[in-house]
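Which chain is which? The protein sequence lines are A and B, in order.
Per this note's numbering, the first sequence runs over residues 1 to 321.
Per this note's numbering, the second sequence runs over residues 1 to 286.
These are computed hints drawn from the structure, not numbers from a lab.
Note that CB positions come from ideal geometry on N, CA and C, so glycine has one too.
Be a bit skeptical, because a hint or two may be false.
Quick look at which bits of chain B chain A covers, simulated, 3 or more residues with Cβ under 8 angstroms [unchecked claim]:
| no. | region |
| --- | --- |
| 1 | 16–23 |
| 2 | 97–105 |
| 3 | 136–148 |
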Amino acid sequence: MVTERVKEGFAEGVATAPARRPSRLKKRIKGSVTGWLFILPMVFGICVFTLYPIIQSLYYSFYDYNMTSRFDFVGLGNYIEIFSGDSDMPKVMANTLLFALVNIPVTLCGSYLLALFLNANLKGIKAFRVLFYLPCTMPAIVSGIVWSYIMRYNVETPGLFNQMLAAVGLPMSRFFYADNFSAVASIVLMNLWSLGGGTIIWLAQFKNIPRQLYEAAEIDGAGAVRRFFSITLPMSTPMVFYNLITNFIVTLQFNGTLTFAPNTGAGNGNATLMFGLKIYLEAFRRTNMGYACALAWVLVVAVGLVTALLFKTNKWVQYDN
Amino acid sequence: MTTNQKQKIRSNAVKGVMYFFLVLIAVILLFPYVFMLNRGLMSNEWILDSYMHYWTDGLHFSNYVAAFRDGGYGMPLVYSIAVCAIVFVSTPFASMLAAYAFAKLEWIGRSFVFSVMMVTALLPGIVTQIPLYVLYNDLGMTNTLLPLFLPGIFFSGAMNVFLTRQFLMSVPREMEESAKLDGANALVRCFVICMPLCAPILIYLGVSAFIAAWGDYLTPSMYNNSTDAPYTLAYALYDMTGRETNSVHPEWIFAAATITSLVPTILFTVFQKYLIEGVQTAGLKG
Numbered sequence: 001m002v003t004e005r006v007k008e009g010f011a012e013g014v015a016t017a018p019a020r021r022p023s024r025l026k027k028r029i030k031g032s033v034t035g036w037l038f039i040l041p042m043v044f045g046i047c048v049f050t051l052y053p054i055i056q057s058l059y060y061s062f063y064d065y066n067m068t069s070r071f072d073f074v075g076l077g078n079y080i081e082i083f084s085g086d087s088d089m090p091k092v093m094a095n096t097l098l099f100a101l102v103n104i105p106v107t108l109c110g111s112y113l114l115a116l117f118l119n120a121n122l123k124g125i126k127a128f129r130v131l132f133y134l135p136c137t138m139p140a141i142v143s144g145i146v147w148s149y150i151m152r153y154n155v156e157t158p159g160l161f162n163q164m165l166a167a168v169g170l171p172m173s174r175f176f177y178a179d180n181f182s183a184v185a186s187i188v189l190m191n192l193w194s195l196g197g198g199t200i201i202w203l204a205q206f207k208n209i210p211r212q213l214y215e216a217a218e219i220d221g222a223g224a225v226r227r228f229f230s231i232t233l234p235m236s237t238p239m240v241f242y243n244l245i246t247n248f249i250v251t252l253q254f255n256g257t258l259t260f261a262p263n264t265g266a267g268n269g270n271a272t273l274m275f276g277l278k279i280y281l282e283a284f285r286r287t288n289m290g291y292a293c294a295l296a297w298v299l300v301v302a303v304g305l306v307t308a309l310l311f312k313t314n315k316w317v318q319y320d321n
Numbered sequence: 001m002t003t004n005q006k007q008k009i010r011s012n013a014v015k016g017v018m019y020f021f022l023v024l025i026a027v028i029l030l031f032p033y034v035f036m037l038n039r040g041l042m043s044n045e046w047i048l049d050s051y052m053h054y055w056t057d058g059l060h061f062s063n064y065v066a067a068f069r070d071g072g073y074g075m076p077l078v079y080s081i082a083v084c085a086i087v088f089v090s091t092p093f094a095s096m097l098a099a100y101a102f103a104k105l106e107w108i109g110r111s112f113v114f115s116v117m118m119v120t121a122l123l124p125g126i127v128t129q130i131p132l133y134v135l136y137n138d139l140g141m142t143n144t145l146l147p148l149f150l151p152g153i154f155f156s157g158a159m160n161v162f163l164t165r166q167f168l169m170s171v172p173r174e175m176e177e178s179a180k181l182d183g184a185n186a187l188v189r190c191f192v193i194c195m196p197l198c199a200p201i202l203i204y205l206g207v208s209a210f211i212a213a214w215g216d217y218l219t220p221s222m223y224n225n226s227t228d229a230p231y232t233l234a235y236a237l238y239d240m241t242g243r244e245t246n247s248v249h250p251e252w253i254f255a256a257a258t259i260t261s262l263v264p265t266i267l268f269t270v271f272q273k274y275l276i277e278g279v280q281t282a283g284l285k286g
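Chain A extracted, bound-state conformation (with noise of 0.2 angstroms):
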């Protein structure tokens, strides 16, 4: 046994000898199989589940296609719709990046300050971070629920928001089943219940940041917030840029609204459809399946050209620990 491994790494030395290059490629074949057979499965799946699909999506946007009696092929014709024909899309651009605009500052800034308090050195701390965490982990359809009957609109039966407006004297509000923009606002209200779970990460990123440099500007005299503003802040760039990134790609294809807005979630008068909420109800409710591939290439193009944006303009991010 021991001969054999001695002998192989023998000719595996004498194999970089030029004339035996052939040999070598073929030992490195052999050497392959093993892996090959060990990611086969995953390359199957990708191909299967990820990229016939893809191409598949590229080529039915050109057709007019509805699954039983449509497949003509429109060319451009379904990305012309989208630009210039279809009447919901000028709302839909609003009211995504309305929402995009206000939810992500308003998430990020939201968690932050909760995880800033989060990070305080006091007994029991860690019980406070498992408690605001709980509200994440509802499942989306069952909070939907609730906060249907919490925000409901109804002037005999008022939700329990609806209550409270009334308790102190104020009117009521139609929540997410107004027909202008403060539909996205609640959801935005809805979605402060789960900052608990961006707080995480961020705790994990003050974990990471030496103690020397606190320590230091201790000895210097600065304050609470001044090391706040020149150590903390600073240091959790790298992780706004991720959080940055991955809030926008997440928000551009929402499409929660589905689980409590009124009219399949579109809301009164499209007051709450979004760009990922228009694909779903053009594929799965109205099978136009050509129109909503399109719409969704357009979503990838944006998705591409956010994220290009945001790396071409990251020189306030420190990479340097």
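Since chain A is already given, all that's left is putting chain B on it; use the hints.
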């Protein structure tokens, strides 16, 4: 001495204020959850009262039995458990197999396959979901539970494979050397020697895959939306809230919703060490 005492009083006051706010925020954050718990325990008259009550009128645990026996949530619960059990096992195994190939084996095309895999992580899911519906439909797999777990058996997701690979790379080579000398093949080295060492990350992957499948109403709403198809608990909640039995018995919705929420809550509380660590490494490495 007096300044010292003053300081102590001040720091105690600061601590008091902080605890006050911590408790206040906890109460606010937990109020929807407690609302759900309460509504699942209400009597039928109380929940149908024209005034929306927050607190329950008693502990009507019989709602849970009724919801799953008469409310139509029984079979979905069974299907949910079946799908989640499969995903709970398949995700760590599939991740381990692929990650071992990337971290420990040499083969031609490794870096190419790896970069293709990582690119798939950036793709919006909806791009693949529409043609997959057509594919499943052609294969007769719509309105079955197969689309909920079949893809994951082969490819568990780029991030999962990536995290397992990172973990495996920190496992020293010597751990495998003696087994290699004893003639153990790669499969044995992967699953008998390396897999137990990767337990923390694999537990994270398995439990979070379970929680994700448990709460997933979207995939079933795409691929099995026919009324006689088997569907999971999350989809039952999504689909049945509009049905008549539920407007007569809204307490059943909330009883089923309570069970649907308690499972991930308990899993999180039990496995919080692994889950928090997993989420943190996923965030920091990404």
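Go through the numbered hints given earlier and state which of them the structure violates, listing their numbers in rising order.
Per hint list: single violation, 3.
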